[in-house]
Amino acid sequence: MALIRNNAVVGSQIACALSELQQRGRNGSSPQRRDKSRPAPRESFGKTNTGSVCQSFGGVGRNVADSLTRLGERPLFISAIGADAHGDAVLSSCKHMDTSGVARMQEQRTATYCVVITGTGDFSLGLGDMDIHQRITAQYVSQFEKQLSSASLVCMDGNIPVTTIDYICSVAREHAVPVWYEPTDADKACKPFLSDSWKALSYTSPNLVELCTMNRTLGLSTPAVLPSDLQDVLRCAMTLCRPLLEHLQCVVVTLGPLGVLLCGEPEGGSVRLRPRTHRRREGQLCALHYPAMPIIPGDVVNVSGAGDSLAGGMMAGILQGRSTDDSVRLGLMAARLSLVSPHPVAPSLTADTVSLERVRSHAWPRPTACLWTEETDQ
1 MALIRNNAVV
11 GSQIACALSE
21 LQQRGRNGSS
31 PQRRDKSRPA
41 PRESFGKTNT
51 GSVCQSFGGV
61 GRNVADSLTR
71 LGERPLFISA
81 IGADAHGDAV
91 LSSCKHMDTS
101 GVARMQEQRT
111 ATYCVVITGT
121 GDFSLGLGDM
131 DIHQRITAQY
141 VSQFEKQLSS
151 ASLVCMDGNI
161 PVTTIDYICS
171 VAREHAVPVW
181 YEPTDADKAC
191 KPFLSDSWKA
201 LSYTSPNLVE
211 LCTMNRTLGL
221 STPAVLPSDL
231 QDVLRCAMTL
241 CRPLLEHLQC
251 VVVTLGPLGV
261 LLCGEPEGGS
271 VRLRPRTHRR
281 REGQLCALHY
291 PAMPIIPGDV
301 VNVSGAGDSL
311 AGGMMAGILQ
321 GRSTDDSVRL
331 GLMAARLSLV
341 SPHPVAPSLT
351 ADTVSLERVR
361 SHAWPRPTAC
371 LWTEETDQ
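In full-length UniProt numbering, the protein residues as written are 1 to 378.
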């Protein structure tokens, strides 16, 4: 549930078995681009649907830890799994990761999530058995306080209990450790914001719906209907980010096919991503919009791990001292690899496939920057 470099702690949502039902080609043996001349069959509730089923291992914290490990970092994954067959499979699939922080619990079921993916790779329906998340208690995590307090970066997701989030934030505040909060979903995005714990966060990576949840939890107004036009979306996101930036260093708003928006402290015409050692100067903020990498819709296999891969890539960039541009683009490349893979984190994600040379040699569209003062509604 936390992620760090060197003595690093990562994760919180446990690895889960992900069953994906997706439209395949006629032979059903491997993902293929669907024949556009034939309509994709719609899911029909109340009867058996034809599809393909595969098992993979995901979970927000696990995905972030996996991404970081594949990119050359050595995060410690802290979580809990059952002493069952799913737990065995999880550990077997994570042999390349440091899972020494994962507790195996008797008479508990490993968290399992079954998701139905449409023929276009989009999420349709999810069923989760995740009671074991409540076992990732503050008492259990406190065994790793030494690692937490000496970390370069800690990442936690929204699946762990509120009391555990509060504990991590208190340790981070005491030792000036940067914390990245991955909100997981709209219902869990509120957790750090139920108390002053959110003021200990340095980064968070919500989508627009999760960002609204954070604002509402703080008693702030949010739009009744979210915009769809790009400029309106960016303007809305900037407005919603502003109150969080009273304490957070950077808010990374994931916008799906519209890319990603960074809001935070300006630095050299960009947004500062490197952990800061001083309080933010009052008066001016910066927003930076990066378009998503182009992808043919028919090439999308699933979207279940793209956001986690983006976050993991950006964290790797931060830990490696990369610039904001390089860190975000590393994350965007990792996200694209995830979109065209049946796995939440693409096995092809390595330090070589998203190397600094590859990132810089790609023909990227120029990000759009906007400086605004805290008194305006730009």
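Hint data in this document are derived by calculation from the structure and do not stem from the laboratory.
Nothing here was measured: the structure is a model prediction, and the numbers come from that model.
Hints are not guaranteed to be accurate.
[As the list claims (entries may be wrong)] With a Cα cut of at most 20 Å, we get these calculated SDA-like pairs of lysine to any residue: (1) Lys47 - Ser100; (2) Lys95 - Leu125; (3) Lys146 - His175; (4) Lys199 - Pro161; (5) Lys47 - Pro347; (6) Lys199 - Ser149; (7) Lys199 - Glu282; (8) Lys199 - Asp166; (9) Lys95 - Arg74; (10) Lys199 - Leu230; (11) Lys95 - Glu282; (12) Lys146 - Asp98; (13) Lys146 - Leu218.
[Stated by the list, open to error] Distance ranges between label pairs, derived from CB positions: (14) Glu357 - His96: 38 to 48 Å; (15) Pro294 - Val209: 16 to 26 Å; (16) Ala85 - Arg235: 45 to 55 Å.
Backbone N, C-alpha and C define an ideal beta-carbon position, used for all residues, glycine too.
Practice item. Measure nothing beyond the straight line between the CA atoms of Lys47 and Ser100; if it is 20 Å or shorter, mark the hint as holding. Key: The given pair, whose Cα atoms are some 43 Å apart, is violated under the 20 Å limit.
* Within 20 Å, alpha carbon to alpha carbon, are Lys199 and Glu282? -> holds, 16 Å
Checklist entry - Measuring from beta carbon to beta carbon, are Glu357 and His96 in 38 to 48 Å? => result Between Glu357 and His96, where Cβ atoms are some 23 Å apart, the hint is violated.
Need the status of pair Lys95, Leu125: alpha-carbon distance at most 20 Å? violated, 30 Å
*Hey, Lys199 versus Ser149, does the alpha-carbon distance stay inside 20 Å?*
Given pair Lys199, Ser149 holds - Cα atoms ~17 Å apart, limit 20 Å.
Practice problem: For the pair we were handed, Lys199 and Leu230, check the Cα-Cα distance against 20 Å. | Solution: Answer violated: Lys199 to Leu230 is near 29 Å, above 20 Å.
Query raised in the report: Within a Cα-Cα threshold of 20 Å, do Lys95 and Arg74 meet the stated pairing?
Result: Distance ~12 Å between Lys95 and Arg74 Cα, so the pair holds.
| query | Taking only the CA atoms, is the gap from Lys146 to Leu218 under or equal to 20 Å? | reply | Violated, because 31 Å separates the two Cα atoms, which is more than 20 Å.
Cβ-Cβ distance between Ala85 and Arg235: within 45 to 55 Å?
Because 50 Å falls inside the window, the suggested range holds.
| task | Could you say whether the range 16 to 26 Å given as a hint is met by the Cβ separation of Pro294 and Val209? | result | For Val209 against Pro294, whose Cβ atoms are near 25 Å apart, the range 16 to 26 Å holds.
Inset, instruction - With a cut-off of 20 Å on the C-alpha distance, tell me whether Lys47 and Pro347 pass. - result: violated, 34 Å
Checklist entry - Between Lys146 and Asp98, does the CA-CA distance stay at or below 20 Å? => result holds, 17 Å
Hint violations for this structure: numbers 1, 2, 5, 10, 11, 13, 14, all remaining hints satisfied.
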